[in-house]
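Novice: Each chain is listed here by its residues.
2 protein chains.
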Amino acid sequence: MSGHVGLAAWHAYMAECGDPQALKDLLATDAVFHSPVVHTPQAGRDKVFAYLHAASHVLGGDDFRYLREIVDGDQAMLEFQTELDGIQINGVDIIIWNDEGKISDFKVMVRPLKAINKVWEKMGEMLAAQAS
Amino acid sequence: MSGHVGLAAWHAYMAECGDPQALKDLLATDAVFHSPVVHTPQAGRDKVFAYLHAASHVLGGDDFRYLREIVDGDQAMLEFQTELDGIQINGVDIIIWNDEGKISDFKVMVRPLKAINKVWEKMGEMLAAQAS
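Sequences listed follow chains A and B, in order.
Each residue of the first sequence is one higher than the one before, counting from -14 in this note's numbering.
Each residue of the second sequence is one higher than the one before, counting from -14 in this note's numbering.
Careful: at least some of the hints might be erroneous.
[Said to hold, decoys possible] Capping the alpha-carbon separation at 20 angstroms, the derived lysine to any residue pairs in SDA-like fashion look like this:
1) Lys99/B - His19/A
2) Lys92/A - Val22/B
3) Lys107/A - Leu98/B
4) Lys9/A - Ala116/A
5) Lys99/A - Gly45/B
6) Lys99/A - Thr25/B
7) Lys107/B - Val22/A
8) Lys92/A - Thr67/B
9) Lys92/B - Ile72/A
10) Lys99/B - Val23/A
11) Lys99/B - Asn102/A
12) Lys92/B - Met111/B
13) Lys99/B - Gly109/A
14) Lys107/B - Val56/B
15) Lys99/A - Trp105/B
16) Lys87/A - Val22/A
17) Lys107/A - Ala(-7)/A
18) Lys87/A - Val23/A
19) Lys92/B - Phe65/A
20) Lys92/B - Asp57/A
21) Lys107/B - Ala7/B
22) Lys107/A - Val22/B
23) Lys99/A - Asn75/B
24) Lys99/B - Gln27/A
25) Lys92/A - Leu98/B
I should point out that these hints are in silico values taken from the structure, not numbers from a laboratory.
Here chain A stands alone, though its shape is the one from the complex:
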């Protein structure tokens, strides 16, 4: 059941247009993020927060919408679609929640090739801006 509680909390965060504190509250301290671009996982709440916060600004514009969900216990796959600079972006958020309903693992994949190149460009700009 915690998966569904976590999923509802995730949708509430998305509906609130990405409030940073709300996002932080959703994450387990030992959460891990798997980027669509880079192989190496990013471990720890602060790193996961930085990536998801950047992603919500890069991807979460007016065109962003979820298309479908596949939910199975404490795991879910959420498929999304958006558009960046005229490029169609189709992707999935694959989320695992822990026993407390906090996000313990968050993996993103994106298609097609043009889209992953565009996400790479935009995420790089956003993460560089956060770091400066």
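Starting from the structure of chain A, add chain B where the hints point.
Specialist: Below, chain B without anything else, positioned relative to chain A:
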């Protein structure tokens, strides 16, 4: 329930090392394939077969294994991992089955960026070889 029947049939096909006729029998006549590389969907059993048959040769080597499944009614997400030319490939098959337990929709996404570039290169070679 047809989703689970279809999923079992898919795993049986994979365990049989990709018999072409077995693959064709799994597909609905109006099946659609969504490539990790190209935006435009490929519609019709023959096209879906060509892509999945090529993919089974490109990706389905000794290193290929499924990592986890998220199953929800007639839909499932199967996460896989393999290695191509020393590049780690992490991806998902997102499958929808119709009421007869045949695959009606098959979408593939791959991460990270290096992996999608490698899949693009290898799938291009394989599809060109099939066409010639």
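Novice: Which of the listed hints are not met by the structure?
Specialist: Violated hints: 5, 14, 16, 17, 18, 21; rest satisfied.
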